[in-house]
Amino acid sequence: MTGRGIYELAIQLLACKNSNGSDNPDCADYVSRAPALISILLAENLKTDRLLRNDYSVRSLPISHLDEKVNCHDLVSHGILPFGLASLLVADEDPELSHSLYERYLINIKNIKETVTAISHQIADCYKFNG
5 MTGRGIYELA IQLLACKNSN GSDNPDCADY VSRAPALISI LLAENLKTDR LLRNDYSVRS
65 LPISHLDEKV NCHDLVSHGI LPFGLASLLV ADEDPELSHS LYERYLINIK NIKETVTAIS
125 HQIADCYKFN G
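First residue of the sequence shown: 5, per this note's numbering; consecutive thereafter.
By construction, these hints were calculated from the structure, which means they are not laboratory data. Glycine residues also receive a C-beta, built at the ideal position from the N, C-alpha and C atoms. Be careful, since some hints might not be right.
Label-pair ranges, simulated between beta-carbon atoms [to be verified]: (1) 62 to 118: 13 to 23 Å; (2) 124 to 59: 11 to 21 Å; (3) 129 to 98: 52 to 62 Å.
Let the hints inform the model, and build the full structure from the sequences given.
Structure (structure tokens):
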């Protein structure tokens, strides 16, 4: 998914689309702020992304514009990032809506982490007792 896809999902959550599908003029600055905010959210959700991929070598790569591909698991890009982005975009204009979206963001992180199954590993005894 690209940054624009995450942005569009966030804009839908905020109901910032006109009937013809264009962005509401009140939301004009959102496009310029979104790439930096998405990059912050990617870094914040790196641990969750690594858990979902079962790959701890994955790095968080920032984006500089909305048309760049976002390097994360689909559950992160579709289920977590849009809520975080929407929350951050309206933080100054509508703190109550921002708080509500942020709570949903945190709930989605928790719910998605719960889908990750545990992996059984042999435990190595590093402190051998000779007594």
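Hint by hint, here is what the structure shows:
1. 62 to 118: 13 to 23 Å: At roughly 20 Å between Cβ atoms, residue 118 and residue 62 fall inside 13 to 23 Å, so the hint holds.
2. 124 to 59: 11 to 21 Å: 18 Å, holds
3. 129 to 98: 52 to 62 Å: Given range 52 to 62 Å: holds, Cβ gap about 55 Å.
Consistency with the previously given hints is maintained throughout, with no hint failing.
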